[in-house]
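In order, the protein sequence lines correspond to chains W and C. Residue numbering for the first sequence follows my numbering, beginning at 1 and increasing consecutively. Residue numbering for the second sequence follows my numbering, beginning at 1 and increasing consecutively.
Quick caveat, the hints were computed from the structure, so don't treat them as lab data. Any given hint could be a false lead.
[Stated by the list, open to error] Which stretches of chain W does chain C cover? Using the computed rule of at least three CB atoms under 8 Å from a CB of chain C, they are:
1) 5-15
2) 39-46
[Unchecked claim] To spell it out: a stretch of chain W is covered by chain C in this simulated footprint if at least three of its residues, at any positions, have a beta carbon under 8 Å from a beta carbon of chain C; those stretches are:
3) 62-75
4) 126-133
Every residue gets a Cβ at the ideal spot worked out from N, C-alpha and C, and that includes glycine.
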Amino acid sequence: MPISFKLNGESVSTNAPPETPLLWVIREGLKLTGTKFGCGAGLCGACMVHLDDQRTFSCQTPVSAVEGREVTTIEGLSSDSSHPVQKAWLAESVPQCGYCQSGQIMSAVDLLNRNPNPSREEIIGHMSTNICRCGTYPRIVQAIERAAREG
Amino acid sequence: MTKTIRSHSELPQFTRRQVMVGAAGLTFAFAGCQNAADTSPDGTTFSSKEMSPWVTIGADGSVTIMSPAVEMGQGSRTSLPLILAEELDADWDKVHIAQAPPIESIYGNPGFGGMMYTAGSFAVFAYYTPLRIFGAQVRQVLLQNVARHWQVPVGELSTEPNTVVHTPTNRRIDYGTISSFAEVPEIAPEVSEATLKDPGEFRLIGKDVMRVELPQKIDGSAQYSIDVQLPGMIYGAVLRTPVFGGTPESVDKSKALEVDGVLAIEILPYGVGVLGETPWAAFEGKKALSVGWSIEGPGDTFNSRQGIEAFAKDARTRSRLTKAWEETGDVQSALNDAARTYEGEFRSDYAYHAQMEPLNAVASVSSDGKTCEIWCGTQAQGVAVAATADALGISPAQVKLNDMLLGGGFGRRGPRDQDFVIDAVLLSDRVKRPVKVMWTREDDLRNGRFHPMSASFVRAGVNADGQVTAWHHRKASDLATKSQDPVRYEAAGQTDFISMAGTEIKTYAIANKLSEQVAQHSGMRTIALRGIGYVHNKFVTEVLLDEIALGEGIDPVEYRLSLLNGQPRAKKVVEKAADMSNWGNTPDGHGLGVAYIDYKSQLAAVADVTVNSRSGAIKVHNIWVAIDCGIAVQPDNVIAQQMGCTVYGLGLALSESISMNQGIVEQTNFHNYIVPRMPDAPNIEIEIVHTSIPPTGAGQMATPLIAPAISNAVAAATGVRLRHMPMTPERVLSALNA
Chain W
1 MPISFKLNGE SVSTNAPPET PLLWVIREGL KLTGTKFGCG AGLCGACMVH
51 LDDQRTFSCQ TPVSAVEGRE VTTIEGLSSD SSHPVQKAWL AESVPQCGYC
101 QSGQIMSAVD LLNRNPNPSR EEIIGHMSTN ICRCGTYPRI VQAIERAARE
151 G
Chain C
1 MTKTIRSHSE LPQFTRRQVM VGAAGLTFAF AGCQNAADTS PDGTTFSSKE
51 MSPWVTIGAD GSVTIMSPAV EMGQGSRTSL PLILAEELDA DWDKVHIAQA
101 PPIESIYGNP GFGGMMYTAG SFAVFAYYTP LRIFGAQVRQ VLLQNVARHW
151 QVPVGELSTE PNTVVHTPTN RRIDYGTISS FAEVPEIAPE VSEATLKDPG
201 EFRLIGKDVM RVELPQKIDG SAQYSIDVQL PGMIYGAVLR TPVFGGTPES
251 VDKSKALEVD GVLAIEILPY GVGVLGETPW AAFEGKKALS VGWSIEGPGD
301 TFNSRQGIEA FAKDARTRSR LTKAWEETGD VQSALNDAAR TYEGEFRSDY
351 AYHAQMEPLN AVASVSSDGK TCEIWCGTQA QGVAVAATAD ALGISPAQVK
401 LNDMLLGGGF GRRGPRDQDF VIDAVLLSDR VKRPVKVMWT REDDLRNGRF
451 HPMSASFVRA GVNADGQVTA WHHRKASDLA TKSQDPVRYE AAGQTDFISM
501 AGTEIKTYAI ANKLSEQVAQ HSGMRTIALR GIGYVHNKFV TEVLLDEIAL
551 GEGIDPVEYR LSLLNGQPRA KKVVEKAADM SNWGNTPDGH GLGVAYIDYK
601 SQLAAVADVT VNSRSGAIKV HNIWVAIDCG IAVQPDNVIA QQMGCTVYGL
651 GLALSESISM NQGIVEQTNF HNYIVPRMPD APNIEIEIVH TSIPPTGAGQ
701 MATPLIAPAI SNAVAAATGV RLRHMPMTPE RVLSALNA
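Model the full assembly from the supplied sequences, consistent with the hints where possible.
Structure follows, in C-alpha cells:
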C-alpha cells in the first residue's frame with residue numbers, strides 16, 4: 001500500500017517500507033537532494049524539513065508517519081531564493097562548505113514563523129539543534145537577525 | 001549575480017598544438033588558438049577561442065577560467081580564477097568557472113610539487129603568482145592581436161575590464177570580438193613579475209565578490225557527490241574491518257540477504273559490501289551482517305588510554321629515534337648553561353574531522369570492466385583517479401573523474417588510498433552497475449583516520465635576563481604522513497611533516513633549538529586535520545612560553561613582543577590582538593590568555609574565559625584574532641575562514657576526543673564525539689592586518705591558536721596549567737584539585 005503525502009505542495013506517493021526514514025524517500029526516492037544526511041540520529045540537523053508547520057528531523061521520521069501530511073524541504077521554500085531567510089543568508093555570506101545549510105535555513109525559518117523577532121538568546125537556543133562544522137554560527141545569527149529585521 | 005559553474009567535460013577538449021611554457025615553477029599549457037572553422041575530432045565546431053586550457057574566451061565575451069582546486073567551503077573556486085581574471089583584466093560578471101580536469105602537469109599545485117591537492121592553506125598561497133603571470137600573458141596576447149589588427153603600436157593599447165582601448169583615439173574593442181580574429185602564438189609572451197599590476201591597480205583582488213557557488217548553497221541545488229543520481233544506480237554500504245589491516249575471515253550473509261531490498265553481498269579485501277535497491281536496504285543489510293575478522297598487527301591490541309602513557313614516557317626518556325625536524329645551535333649545552341629551566345609534558349588526544357557530509361562516492365564501471373567514471377568529493381583529484389585505476393587494473397586515462405563540491409574536507413579526503421572512493425569502485429566493478437556507497441556517521445567514525453594522538457616533552461632554558469636561550473621539543477606520535485600518503489612521506493625523505501610541522505620555532509629569537517620525533521607504531525590510522533601538527537605543537541609552544549613569561553615575572557604579551565624583536569609582521573598581530581582584547585583590563589573573575597603563531601601567515605589571538613570550579617567547565621566568552629595573511633584576495637572570506645577556524649579550534653581545545661580500545665574506535669556519533677554547537681561559540685572578532693606581500697594562506701590559519709589561548713586564559717583565571725587537549729571538565733577539575 002503506497003504512502004501518500006504532499007511534498008512542497010505536490011502530491012507524491014512512495015512504495016518504500018513504512019519504517020524507511022523520510023529522509024531517504026525524499027533524497028533518493030523522490031530525488032530532492034537539498035535535504036542532507038549527516039548523522040542518521042537526529043543529532044546534527046542536516047536533514048531538517050518542515051512537517052506541516054513544525055520542523056522535524058527527517059532522518060528520525062518514518063515515512064509512514066507523514067501519510068496525508070505536508071512536507072516542506074529547502075526546495076519548497078521559494079522557487080527563486082526569494083524567501084527572506086534565503087536572502088539574508090546570501091547577504092551575510094553564511095555558507096562555507098554549505099552541506100548543513102539547508103537544515104540551518106529550515107530551522108531558522110521555523111523559528112521566525114513562530115517568533116518573528118527572536119532575541120539573540122532565543123536564536124542560539126533554537127539553533128542548537130544544528131551543527132555547522134565550518135563554524136558559520138556567528139553569521140547564521142547575523143542572518144537570522146537580518147531576516148527578522150528585513151523579512 | 002549567479003555564476004554558471006561548468007563541469008570540465010562540457011568544455012572543448014584540448015588536443016592540438018599545445019605548447020608547454022614554464023613560468024614561475026608552474027607549467028602552463030598554452031594551447032594553440034583554434035580557427036573558427038576548426039573542428040574537434042568528433043566533428044564538433046568550436047564556438048570559442050581557446051587561449052589555453054586555463055582560459056577560454058567566447059565570442060560573446062564570456063571568459064571561462066579553470067579552477068584547479070576543489071571547493072570545500074574555503075572559497076578557492078572563487079579566489080583562484082579571480083587572481084587570473086585580475087591580470088587578464090576580465091569583467092568578473094562575464095567570468096565562468098570550470099573545474100579543471102585532473103591533469104597534474106597543467107593544473108598541479110606548485111606548492112605540492114605539482115600534485116592537484118587542496119589542503120594546507122596552499123591554494124591561493126602557491127597559485128597566486130603563477131596565475132597572475134598567466135593572466136597577464138593572456139592579456140598580452142590579446143593586446144598583440146589588437147595591435148596587429150588595428151596596425152597600432154602595442155604600447156598605445158591598454159585594457160579595461162574585457163575591453164582593449166587604444167588610448168590616443170579611445171577606440172575600444174571587447175575581448176569577445178578579439179577572440180574572433182585572435183591568433184595565439186606558439187610561445188607564450190614573456191611576462192615578468194615586475195610588470196604585473198601594482199596592488200593599487202587591483203580591480204578584483206582585495207575587493208569582496210560573492211563566492212560563486214553560494215547561490216546554490218541556499219536553495220538546495222549545490223551538488224555534492226552524495227547527491228548524484230544515475231539511471232540504474234544502486235546503493236552500497238560497507239562493513240569495514242574495525243582495525244586497519246584486518247580482513248573478513250568468516251561472513252554470515254544469511255540475515256542480511258533476508259532484508260527487503262538487499263540485492264547482493266560482496267566480500268572485499270578489507271570488508272563486506274552490501275548492495276541494495278535503496279540506501280536504507282543497504283544500511284539495514286549491513287547491520288544484519290555477522291563477520292569474523294582476521295587482524296594482524298599492533299592495532300588490534302591498542303588502547304589509547306594506555307597508549308598515551310607509553311607515548312609520554314617515550315617523549316620524556318628517548319631521543320634520536322628519527323631525524324631532527326629542526327636543529328639550530330647546541331641545545332644541550334645551552335640548557336646546561338641556563339640560569340633557569342622550565343619543562344612540561346603536553347598531550348593531545350586523537351581528533352576526528354567530522355566533515356558534515358559523511359564520506360561517499362559514486363562509481364560506474366563499464367560492462368567490460370575497462371573504463372570507470374567516478375563522482376566524489378576528493379581533496380586530491382589525480383590521486384583519486386590513480387587509486388581507481390590501480391583498484392581496477394586499468395590505465396588512469398580510462399578513469400573519468402567528476403569532482404563534486406565537498407561537504408567539508410579538513411584533510412580527511414586526501415589520503416593516497418582514497419578509501420571512500422574505492423568502496424564504490426570495487427562494488428560497481430562486481431555488479432557492473434552504477435553504485436553509490438555512503439558511509440553512515442557511525443562508519444565515518446569507526447573507519448576514521450585521525451589527527452594523531454601525541455605526547456610532547458619540552459625543556460626550555462632562560463638566561464639571567466629571562467630571555468629564552470634553549471628550546472628542546474621531543475614529540476611522540478604516530479607517523480601521520482606515512483599513514484596518509486606513503487608517496488609523499490618517501491618523497492619528503494621519510495619525514496613526518498604532518499605531525500612535526502609547528503614544532504620548529506621560526507620567529508621567536510631563540511638561539512639553540514631542537515625538535516625531534518619519537519616515532520610510535522600503534523597501528524592507528526592517522527592523517528592531516530585542519531591545522532595539522534600546528535594544533536598540538538603550538539599548544540605546546542605557546543603554553544610553555546606563557547609559563548616562562550609568568551615565571552620570569554613578565555607580562556605574556558610583552559614577553560612575546562620582546563622575543564619578536566625585528567619581526568614587524570609578527571609584532572603587529574600580537575599588538576593588534578592585545579588591543580582588540582583591551583589587554584591588561586581583565587574583567588573580575590575572568591582570565592585573558594594570548595597566543596601567537598607563525599604559520600607563514602602571522603596570527604595572534606586572545607581568549608577571555610571563566611572557569612566553573614565546581615563543574616570544571618571552561619566558558620569562553622570572547623576570542624579576538626588578528627591575522628596578517630599578506631594580500632587578502634577575498635578579505636571577507638579571510639574573516640569567515642578565521643571565524644570557522646576559531647570554532648573548529650574551540651572543539652579541539654575543549655571537547656573533541658577519539659579513544660580506542662582493542663584498536664576499535666569508541667565514539668559512534670555526535671552524542672559522544674562532541675563538536676561545538678551554536679551556544680558554545682563565543683563572541684568572535686577577527687581583524688586583518690593588511691600588508692602587500694603575496695598571500696601566505698588563510699584556510700586553516702587560526703585553528704592552532706585557540707587551544708593555547710584558552711589554556712593560557714585558564715591559567716590567568718585560576719593559576720592552573722592545562723596541558724592536555726581537549727581540556728575537558730574532568731581534566732580541568734583534576735588539575736584544579738591537584
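* Asked: Which of the listed hints are not met by the structure?
  -> 1
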